[in-house]
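Visitor: Sequence:
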Amino acid sequence: MKGKILGFDEATGKGAISADDGTRHKFDRADWRGGDKPPTPGLVVDFESENGGAREIYPVGGSAMAALGTIGADLGALTESEQGARIAALMTRSLAVPLALLVLLACFLSALTSPVQSATLIGLGNAMDDLGRVAAAQEMLGGGKSGFDTVQTLLILRFAAPIAALWLIWAAWSGKSERLPMLVTGAASIVAALMVVMLRSAILSMVPDFVRDRMADGISLGIGTWLLLLAGAALIAAGLGKLRNPLAKD
1 MKGKILGFDE ATGKGAISAD DGTRHKFDRA DWRGGDKPPT PGLVVDFESE NGGAREIYPV
61 GGSAMAALGT IGADLGALTE SEQGARIAAL MTRSLAVPLA LLVLLACFLS ALTSPVQSAT
121 LIGLGNAMDD LGRVAAAQEM LGGGKSGFDT VQTLLILRFA APIAALWLIW AAWSGKSERL
181 PMLVTGAASI VAALMVVMLR SAILSMVPDF VRDRMADGIS LGIGTWLLLL AGAALIAAGL
241 GKLRNPLAKD
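Be aware that the sequence shown starts at 1, since it is given in my numbering, and climbs by one per residue.
Derived from the structure by calculation, the hints contain no laboratory data. Each hint can be trusted.
With a straight-line Cα cutoff of 30 Å, these simulated DSS-like cross-link-like pairs (lysine-lysine) come out: (1) K4 x K14; (2) K14 x K2; (3) K26 x K37; (4) K176 x K242.
Pairwise CB distance ranges, derived in the manner of DEER restraints: (5) G241 x L154: 25 to 33 Å; (6) A85 x R33: 34 to 42 Å; (7) M198 x K176: 29 to 37 Å.
All figures in this text were calculated on a predicted structure; none of them were measured in a lab. The C-beta atom is built at its ideal place from N, Cα and C for all residues, glycine as well.
Turn these sequences into a full structure, and let the hints steer you where they fit.
Guide: What follows is the structure, given as structure tokens:
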């Protein structure tokens, strides 16, 4: 007969097999013919049935099949569990969680790109250190910082986007009202994107006029910034009831 190992207790040396015909068979470690490989739950085996027990048990699926069987069992349990249904509902009931996850993703994608380096929204701090030295050198040469210090101070607001997104996910998971967190997260995402736009303008304003156009072509907004703008607008629209999840059940 063929079946799958349901479980095995190494301490007692006993386990159980679910046969293809739906019956269950107990077995002992002494009947295992897999060598040093332990009986793994989900492993496909061939065995002889005797008085409700399994004898002469041989693995036939290999470790890969065992892993697939275990993964399949775990996914099946997740789908059937209350938590699995809850997660599925979060992704389909409204746009709160999908858009919050999009905001978090955007925070780790490139926000500002140049031929020299690219920076994510979260990683703009390192880029600001380099730009601060450039701004200081510009000031020593008689130029102005062109609002760079102001932008550098305001850039702390970029962290409001991921924090608000986490708040929105928590509110959705806790079953609390999502409207206010959606509006706040949407506004924070748009503000974070605008901070990047202001930073780009401040960088370009620090360079001489004759190279500004060339630098403008090289320094561009990254996909993370555009996603923040898009997700922010969608969150505000959803919070105002103008946009709904297409997967939501009527």
